[in-house]
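Input sequences plus hints: build the corresponding full structure.
Now for the letters of each chain:
There are 2 protein chains.
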Amino acid sequence: MLPGVGVFGTGATARVLVPLLKSEGFEVHALWGRSEEEASCLAKELDIPFHTSRSDDVLLHQEVDLVCIYIPPSMTRQIAVKALGIGKNVVCEKAATAVDSFKMVAAARYYPQLLSIMGNSLRFLPTFVAMQKLLVEGYVGELQVCDIRVYGPSLLDEAYGWTCEELMGGGGLHTIGSTIIDLVSFLTRARAHRVHGLLRTFVQQNNSIRGIRRVTSDDFCFFQMLMSGKGSCSSGVCCTVTLNFNMPGSFVHEVMVVGSAGRLIARGTELYGQRNGSKKEELLLGDNGWSGPEVKAMSLPQIQGLSSMVKALRQSFQAHEERRSWARGPVAMAPTFEDGLYVQTVVEAIKRSSTSGEWECVEIMREEPDPNHNLCEALQRNKM
Amino acid sequence: MLPGVGVFGTGATARVLVPLLKSEGFEVHALWGRSEEEASCLAKELDIPFHTSRSDDVLLHQEVDLVCIYIPPSMTRQIAVKALGIGKNVVCEKAATAVDSFKMVAAARYYPQLLSIMGNSLRFLPTFVAMQKLLVEGYVGELQVCDIRVYGPSLLDEAYGWTCEELMGGGGLHTIGSTIIDLVSFLTRARAHRVHGLLRTFVQQNNSIRGIRRVTSDDFCFFQMLMSGKGSCSSGVCCTVTLNFNMPGSFVHEVMVVGSAGRLIARGTELYGQRNGSKKEELLLGDNGWSGPEVKAMSLPQIQGLSSMVKALRQSFQAHEERRSWARGPVAMAPTFEDGLYVQTVVEAIKRSSTSGEWECVEIMREEPDPNHNLCEALQRNKM
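So the protein sequences, as listed, match chains A and B.
All residue numbers for the first sequence refer to this note's numbering, where the first residue is 136 and numbers rise by one.
All residue numbers for the second sequence refer to this note's numbering, where the first residue is 136 and numbers rise by one.
Treat the hints with care, as some may be off.
Identical copies go unnamed one by one, so any copy, or any two together, can satisfy a pair.
Mimicking PhoX-like on lysine-lysine, the simulated pairs with C-alpha atoms at most 25 Å apart in a straight line are [unchecked claim]:
hint, residue 1, residue 2
1, K414, K431
2, K179, K268
3, K157, K179
Rather than coming from a laboratory, the hints here were simulated on the basis of the structure.
Below you can see the structure in the form of structure tokens.
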């Protein structure tokens, strides 16, 4: 039986997500928005019976068993951790910092019977499922290089807000780069151990953001990741990513993996391959002719990835009689909160690299940093 | 009147160059090869009346007024400097080191009346001439990013040789990257002041290179250049370049420049553009249907660039009655030996960066390094 859903957020993703949920048979019972007005407006548009600007009203809602959190990164941790504490299943977007991500991991570990997945994933997209399968089967031989680019229009909201602020989790690296970092770890079954990057904000002011206000979030970013796998399989793989959001028009979303025996290229949602012997690319997976919702701010792979995730959620829940129970199988490939922490850690290492100019190590947080850490150190120094 | 030509080299470029020279009306009088056999073989194939393995036989040849040098980088400096000293006009490929490049600059400065240009240039290709013109005219607005990729088959010769050796000037960065570095400085009218890069040799052995022999030259390289222009125009431009020569099949040669108002993209020899307002790319310069010679080891932009250069050489020389005289106009856009030194300096800075992992400054050599430098320092230290 499908659980009732509560949605947090009134942005582009929430606007796409609700119709997708409904078309898979989920009932969306409640919508949360930062202001009563935003919530009311979108609830009316999407025909959601209850709306509010108080998070508890959704979290404690009787009919809500699954909470989908698509809100500014700086608010994600608080809602996600609380939802798990109340016993709700959680699908959410990334948090703003590694510390937040770590707290979410702690909560997810504490409630292992609850579903907790990162919910803006390219992993579910059939294109990348097929790509990963072909990589495992050895289509490209020994993997050498991942070469990825995403070009698109500005990610800034119309009005000044968190999308303009690097420290609030805005910017191409945090928003789109994070989905790429996750995707690469999924495709290569390896993690970045060293990264290097450069971030730029070419457009610091525009028609709606001016005066004393300036954009601090990146609109251009390239980064490199050196991967190290569990086996020898993906060790030594070099990954280069170019993100450019000063290119109005439709998104370019290209993921290429090159190995000793061939290559695979995902252009948008289409998958192409070429083995070293052959003269031409072959189409391995065509465009399925998307007829679902579209928004300007999201690329087709993102939207269709979201759609595939919702399908997987349906399969996961409908296997069970009880509304809150779910089967692991259909969502086994989903990124966990631990994957979310890894991604956040890589994002922060790339930002450090952009400042230091050096290769930075990716070191996953193992315990929560003590807020009194500096104080303790000072005290200890005094004692000595 | 067109000068008689002597060609150094029996490789892919020489093989393409000779027919191009002939079709523009140049007479190729002499061919030099490293071995008598190589020279004889290609001379017969290309119908060149004289061949030799002794460089002086070409340099001192009565009918030769223009020398085209397309030989392994480590040999280039010696022949180029000698040719200028004998009073011949010189078109040549890059040298192996910055010191060699510097010596070539010194020779070119000493004989300013002689033609001395770097002869494997993309600058002459109509695609890039048009791109540069559109950049000056402001098609893309304020330039922000250059994003360039060249993918192709292995650059290694069949047998073990200089192409396998990094120190001999082999590898994707030195061979193809150098043409891109030159192109970017032509397009942006700026030079790299800081660079960062990573080189890899994924294929260290193959069917013909094995046993104790290993390839040391890079088959994969990405690098970033931060540009600084004379004016403010191209300051702050970020340039990212990805080179991958583990991709058999036809070359991918894509040069994209992105600015505040639009972008220009050269795919192969075709030029596309998109202004920020418009929804679609427009074709600005189509493929002219190349019917000249082709070789597997060179991309179409390289071959057609060579062809355009030969055309410019014809225009430059035919303006004058005297065989050795030439007009500056038609070859004004050609890279000089000073440009060659700049390119070589950038190549070496990128290699340093790949080792150090850090951003490296591009510092052009201003005086020849004293071979006794270390000795002098030691003596001075002793004195103190």
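To see whether the hints hold, each was checked on the structure:
1. K414 <-> K431: between (36 Å within a copy, 13 Å between copies)
2. K179 <-> K268: neither (42 Å within a copy, 53 Å between copies)
3. K157 <-> K179: Intra 15 Å, inter 76 Å, cutoff 25 Å: intra-copy only.
In this structure, the one hint that does not hold is number 2.
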